[in-house]
Every structure is written in C-alpha cells, then in structure tokens.
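Q: These protein sequence lines are chains A and B, in that order. Under the working numbering, the residues of the first sequence are numbered 699 to 1260, in order. Under the working numbering, the residues of the second sequence are numbered 22 to 194, in order.
Simulated from the structure, these hints should not be mistaken for lab results. Treat the hints with care, since some could be wrong.
[What the hints assert, rightly or not] To give an idea of the chain A side of the interface with chain B (calculated C-beta under 7 Å), a few residues:
id : residue
1  : I817
2  : T821
3  : P822
4  : W826
5  : I846
6  : S880
7  : Y881
8  : P1003
9  : A1004
10 : K1008
[As the list claims (entries may be wrong)] Distance condition first, Cα-Cα at most 27 Å in a straight line; then the derived DSS-like pairs of lysine-lysine:
id : chain 1 : residue 1 : chain 2 : residue 2
11 : B       : K96       : A       : K842
12 : A       : K891      : B       : K79
13 : A       : K903      : A       : K891
14 : A       : K992      : A       : K1046
15 : A       : K874      : B       : K96
16 : B       : K49       : A       : K1008
17 : A       : K992      : B       : K79
18 : A       : K1046     : A       : K1102
19 : B       : K79       : A       : K886
20 : B       : K162      : B       : K131
21 : A       : K765      : A       : K1081
22 : A       : K1008     : B       : K25
23 : B       : K25       : B       : K181
[Claimed, not checked] Derived DEER-like restraints, expressed as beta-carbon distance ranges:
id : chain 1 : residue 1 : chain 2 : residue 2 : range
24 : B       : E182      : A       : K700      : 49 to 55 Å
25 : A       : N1104     : B       : W80       : 40 to 46 Å
26 : B       : K183      : A       : D890      : 21 to 27 Å
27 : A       : K1011     : B       : K25       : 16 to 22 Å
28 : B       : K25       : A       : D890      : 29 to 35 Å
C-beta: ideal position from N, C-alpha, C; glycine also.
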Amino acid sequence: MKISGAEAVIRCLLAEGVDLVYGYPGGAIMPVYDELYKFQDQLHHVLVRHEQGATHAAQGYARATGKVGVAIATSGPGATNLVTGIADAQIDSTPMVCITGQVGKHLLGSDAFQETDIIGISTPVTKWNYQVTEASEIPEIIAKAFYIARSGRPGPVLIDITKNAQFDEFEFSYEKCTSIRSYVPVPKLKLDKVAEAAAIINSAKKPFIVFGQGIILGQAEEQLKALIEKSGIPAGWTILGLSALPTDHPLNVGMLGMHGNYGPNLLTNECDVLIALGMRFDDRVTGDLKTYAKQAKVIHFEIDPAEVDKNVKTEVAVLGDVREALNALLPLIDDNSHAAWHNEFKEKHQIEFDSVIKEELNPTNNKGISMGETIEMINKHSKGDAIMVSDVGQHQMFACRYAKFNSTKSNITSGGLGTMGFALPAAIGAKMGRPDREVVAIIGDGGFQMTIQELGTIFQTKVPVKIVVLNNEFLGMVRQWQELFFDNRYASTNMINPNFVAIAEGYYIKSKKVTQREDLDAAVAEMMASKDSYFLEVMVEKENNVFPMIPTGACVSQIRLS
Amino acid sequence: MEDKTFTISVYSENNVGLLNRISGIFLKRHINILSLNVSESEIENVSRFIIVVNTTEKWVQNIVGQIEKQIEVIKAFYHTDEETIYLENALFKIASGLLFDEKQIQNIIKESQSTIVTVSRDFFVISKSGRRSEIEELYAKFKPYGIMQFVRSGRISVSKEKMEISTMLEALK
Chain A
699 MKISGAEAVI
709 RCLLAEGVDL
719 VYGYPGGAIM
729 PVYDELYKFQ
739 DQLHHVLVRH
749 EQGATHAAQG
759 YARATGKVGV
769 AIATSGPGAT
779 NLVTGIADAQ
789 IDSTPMVCIT
799 GQVGKHLLGS
809 DAFQETDIIG
819 ISTPVTKWNY
829 QVTEASEIPE
839 IIAKAFYIAR
849 SGRPGPVLID
859 ITKNAQFDEF
869 EFSYEKCTSI
879 RSYVPVPKLK
889 LDKVAEAAAI
899 INSAKKPFIV
909 FGQGIILGQA
919 EEQLKALIEK
929 SGIPAGWTIL
939 GLSALPTDHP
949 LNVGMLGMHG
959 NYGPNLLTNE
969 CDVLIALGMR
979 FDDRVTGDLK
989 TYAKQAKVIH
999 FEIDPAEVDK
1009 NVKTEVAVLG
1019 DVREALNALL
1029 PLIDDNSHAA
1039 WHNEFKEKHQ
1049 IEFDSVIKEE
1059 LNPTNNKGIS
1069 MGETIEMINK
1079 HSKGDAIMVS
1089 DVGQHQMFAC
1099 RYAKFNSTKS
1109 NITSGGLGTM
1119 GFALPAAIGA
1129 KMGRPDREVV
1139 AIIGDGGFQM
1149 TIQELGTIFQ
1159 TKVPVKIVVL
1169 NNEFLGMVRQ
1179 WQELFFDNRY
1189 ASTNMINPNF
1199 VAIAEGYYIK
1209 SKKVTQREDL
1219 DAAVAEMMAS
1229 KDSYFLEVMV
1239 EKENNVFPMI
1249 PTGACVSQIR
1259 LS
Chain B
22 MEDKTFTISV
32 YSENNVGLLN
42 RISGIFLKRH
52 INILSLNVSE
62 SEIENVSRFI
72 IVVNTTEKWV
82 QNIVGQIEKQ
92 IEVIKAFYHT
102 DEETIYLENA
112 LFKIASGLLF
122 DEKQIQNIIK
132 ESQSTIVTVS
142 RDFFVISKSG
152 RRSEIEELYA
162 KFKPYGIMQF
172 VRSGRISVSK
182 EKMEISTMLE
192 ALK
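Just need the whole structure built from these sequences, with the hints factored in.
A: Laid out in structure tokens, this is it:
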C-alpha cells in the first residue's frame, strides 16, 4: 500500500513504540501534523509554547523513563530553537530524536522562506543527523535514528525532512535497525581487563569509587550497590550519577566536584585506587587536572572509547557495557570493609556538617529562608520518593547536595551544558513519562523566566507537576562569583521580578508564596498533597553562597568551606 | 608535550555532511587543518580522508577517538611522518616562451624529475609529485622566471604498517 512520507513518519514512530511527542507546528512540517491529527488516538502530541521547551520536555521524559524522547518542529526558527536542547542532550547523553520540517528539495540552498541549514547547525551537537529528501528514505532513516539515539552511549539525533518527501507517496514497509557497519555502540568487554582491575582493587588500601550517569544509562544500579557492599569501598557521585545509589546508603559519601562534598573531593587526592564507573571526568568534577588524583591508580569503566585517557590517564580501562563489566568483576572482588578508610570520609563529613550543612539547614542570626532548608522540607514531605528536576545555578547545587533519593532516575538536571530554563519543560516531560511518581521542579527566579511560557503547556495539558521557585532576586550563582572573584561588583545580576504568583494564577495554576520560615512546612505539605499542578514561590535569603566550593582551575584538595 | 606533524587517516562511509562533521572536531579545538584530501579507498564504497595537522600527540589521540566515534566513520588512525609514505602533487603553469628563451628551465625540469603535462602556444604545465620540501624547492627555482599559476594538492599517504581495516569490514559483513 502506498502512503505519504508524512504518514510514514507517524507509522515509524508507532513502530518504535512512541506514544508521546512534543512539538510545535509550522509551514514546513504541516503534512506531518496533518497525520498527527489523524493518528491522535495512538500518538499523543503535546503542544509546547516554544520549541526549546519541546526538546527539554523530551529530555525530561527520556531521563525519567530511559526511553527515547521525541521532539518535532518546523523548519527555520522552529529548527534553530531546538538547538539548545539538542546540545544539552548531546553533552548529557540523553536519547532523543528530533524531527524537523524543511523546505522542498527544489528550494534547498535558495534562501527560501524559513529555510535554514539545520543539518549544518546541528552537526556538532548531534550524535547523528540526516536530511531526508525522498519519501522512500523515511523508514530506514527513522529506524536508524532510534537505533543510534538509544544504543551505546545515547544521544540526540536530528532528522530533517523536506516538504516534498512528506507529501510524496511510496510503498511503505518498516524494519527496525539492529546494526550499522561503521558503528560499534558497545565495545566488546575484555575479561583480562576486568581481571586486571579486580587485582588492583583487591590490593588497594584506600580505594574510592566515583560513579556517573553511565550507571543509570547502563542499568547497573544493582551491580554498583553489590560492588560497594561486597568490597566496602566508599562511593561518590557526579551530578548526573545522583540517585543511581540511594542517598542514605551508608557507603554513599556524597557529591564530587565544584560544589560537592568535602570528603569525596579531598580524599580523591588521598585514595590509592580511583575506580571510575560510567563518568567522564568533567572539569567541574576534577578541577585542575595536573593535580587530580595523581597518587592514585585510575581504573575507568567506560562505554565510549573516546573518553578513556581524554582527561585523566588510566592504569586500566575496562571498555564495554558497565552492567556486564560489573557482573564480571563482582565474583573476582574480595570481601572487605575498609573501615578505617571509611572513617576518614565520616570525619570529613563531620567537618563539613559543622561548618556548612548545619547552618544551611537551620539558619541562625535572623537570616531568611535558605535554599537548603527548603530542599530539606521537600525531602520531609516527599520522603525521598519524588523525581526532582532542577534548573541551573545555586538552587541546583543545593537541590543536588541536599535532596534525598530512594530510587534511580530521580534526579533530572542539566549537568554538562548548564542550560538555564531546562527544569520547567523537563519536569513536564518527566511527569508525563512517570505519571505514577511525584515530580518537583526546583527553579531559580532567573531560569524560571527563560522558559516561563511552558506554564501554558502545564495549563493546557493539566500535567500535575509541582513547581518550586527559589527566589533570591538575583542570578545567584553569578552573583556569588562576583562576590568572591570580582570584588562584589554585581554586574547585571540583580533581578527586578514580576509577580510570579499572579503569572501562575493567570495560567490557572494553584499558587502560593512563602516569605516566612514558619509558613514553609504547611506550604510544602499543601503542594505535595495537591492532585493538580502547583506553583510555590519561596523567598530565600538574597545573598547566600553555596559552599563547599572548588574555585575554577583549583585543585580538588583546595576545596573551600567558606 | 610539543607540537608535531601528524597524518590522520579516516575510513568512512561516503555520505553527505560527514566532511563537515569531521572538520567540526578540529574547529572545536581551534586546530588548523594543514592539508585535507578525500578520495576512494582500496575498499569499494569506502572513502578515505587524509588530514594533516600540527598538534600534540595527546590531542591527536583525543581527536582520532572523537572522529572514530562518529556513526559513519569506520576507523581512524594517526601516524607520524616517519610511519608513512607520503607526497603531494603540484602543478606549475609557465609561459611557453620561457621554454625557448631560458635554457635553464629545461634543466630545472629534468633535474626535478617533474613531468610536462601539456604544452600549448602560450603556456606549458609541469606536474611535480613529492615531499613538500621538493615542491617548494622547485617553486623557488621557477619563481625568478615567473609562474603564471601554481597549485599544490593535499597530502596523500599510505602507512608503512598494515591497517586492519579490510579484515574489519570483512568481519562485519
């Protein structure tokens, strides 16, 4: 049977198990929208308010479910508005397929209305992209797109489809893609490398595990837990690794990096073996590479060969699927407790608690509400079961430092790209992907205004997300840097904000504003109990800083507590 | 680590846009590509890029890894000059009159082991294959007499060691 290219796009999405897409219509993608209309009982389309929101929603959906998120946009500005989300998905390894309309093939290169070279523009920020100019290419290319997006180290794929290819009819058949000859998604695990790693781990006196999102993407949470429990090795996490291991696990020693915990940063430079699992030694984690873990033998479990020895020289690299690798490693690991070593982490934690955490969670000296205590209040009511979607800035660091998580895929944030405006649309996607779970977005007053229009999407779809804006009337993280490194010159960080509650109410979202500490508990309780979406604005102390902190370019052991 | 000249060889599918994807990896690190050549390889439907850059060994390792992970790239290698057989090709367009007026021109052609591609009433064209230094030497010799046009190709090279690319592709079939 002959069908149009546009109908083929929908049938391909259905064949890939997609039931939800985010997007925004426009001229060059109209044939696909016409088919979305016809297939609306099988494929739900969420109309966002800006294409960037479609990508972040697709990312939130992907991160919460492990499935591929899908975003659709028209040509020209529709396509370029996707770019920030695509770049975010690329650097955070999020599986996403973006479909853009394009002017007809005969108009390509002619500067036609709403023509833009989205293939050229998106090339550096996609795992793969392709321009379809003939309808008959559609099944094979979409099959490849999904295979590439989800396999190996996941990432975003963009498929640009010219308008003629959407209209033209062809004989449709669909076959899933299972391999591409030039692409090795998962390197074959070498058991001798696993054995080498095991020998080094078993003879270590002060081993330290650092894990990243690879554990979540590789579904190796149980293996990680089994490894640390058997070996007694303390484990610290990168921001994207958070929630792969319950936060209250006794061997979970906290966050690495710039605003991470004191112990894991300091002791990175005292361990004798550093075992990196599914993480890529980002500069926010390592600080100055010349002084990073130089005393340690580094073992790197990694799926992407290009990450090995990119930033940190490894003693042993175990390439392959992390779950398979850990399953092979586990029987070779000796039982141990490393009690004395673990105590060093506890001592460091006590120092951090006394000088930073205690005051953050229970501010004294008549100070206003802190971000940390707000997160703690959410913990009290969520009991660690909510998905937390954070934006970018101080509130993000507080959220990641203080949030409690019992289960995996619960922390969704823009790690690598640091995209302000990420959280509100990402929370929409997360809640739609996991309607069974509570989803709380934690956003600053700056980032909130970057994608505030997605309140319209929440209103229209009635998706019951909880939105918390921590308002310090500043671009807080930049202000903190200005205070510490630019001699208090607050250049363009002071925000004169609108009445957020009135805006949320304009979208008929239940809202509340808290300015006094004594009202916080009841407000958070009301928000968490709400069956509908809820907007909570918390006025927080204006000039609080996030500590500890490793200044840019400093060594992890130069971490500052104040 | 000091900068050195490296020859990067990339075996890839022959697809639109891949050149852009590969050159973007150099752009991202602010590395100038000294020479680039794309052609068919010894394997049917497989293209071969030869890219010459001046950088550190650590960076060339990173870059080759980042090139290789592109979906349509089959395999990428890097070599130092000592590890490859390489040359470039140059064309010199010179006024025909010189061939008769300047006796020395004929000697230069003979000594340089270059070949005359064509001769017409107005000009003749000389082709010279060899290392960059040999071509530059020839250029310097012709220069005083006047060169109407000059062009030099990118480096092409083959490695001294075996590349396991054919067997790799065979295994994938």
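Q: Is 29 to 35 Å respected by the C-beta to C-beta distance linking K25(B) and D890(A)?
A: holds (32 Å)
Q: Are the Cα positions of K1008(A) and K25(B) separated by 27 Å at most?
A: holds (19 Å)
Q: Holds or violated: are the alpha carbons of K25(B) and K181(B) at most 27 Å from each other?
A: holds (19 Å)
Q: Could you see if the CB distance from K183(B) to D890(A) stays within 21 to 27 Å?
A: Taking Cβ atoms as reference, K183(B) and D890(A) lie about 24 Å apart, which means the hint holds.
Q: So, K1008(A) near chain B? Judge it on the closest CB pair being under 7 Å.
A: holds (5 Å)
Q: For the pair supplied as a hint, K903(A) and K891(A), confirm whether the alpha-carbon distance does not exceed 27 Å.
A: Roughly 20 Å between the alpha carbons, so the hint for K903(A) and K891(A) holds.
Q: Decide if the proposed pair is consistent with the structure: K162(B) and K131(B), CA atoms, cutoff 27 Å inclusive.
A: holds (13 Å)
Q: Is the Cα-Cα distance between K891(A) and K79(B) 27 Å or less?
A: holds (23 Å)
Q: Mind checking the hinted window 16 to 22 Å against the Cβ distance between K1011(A) and K25(B)?
A: holds (19 Å)
Q: Do the alpha carbons of K49(B) and K1008(A) lie within 27 Å of each other, as the hint requires?
A: holds (15 Å)
Q: For the hint on T821(A), does the least C-beta distance to chain B fall short of 7 Å?
A: This hint holds: T821(A) lies near chain B, its Cβ roughly 5 Å from the closest one there, short of 7 Å.
Q: Using the nearest Cβ pair, does I846(A) come within less than 7 Å of chain B?
A: holds (6 Å)
Taken one by one, the earlier hints all hold for this structure without exception.
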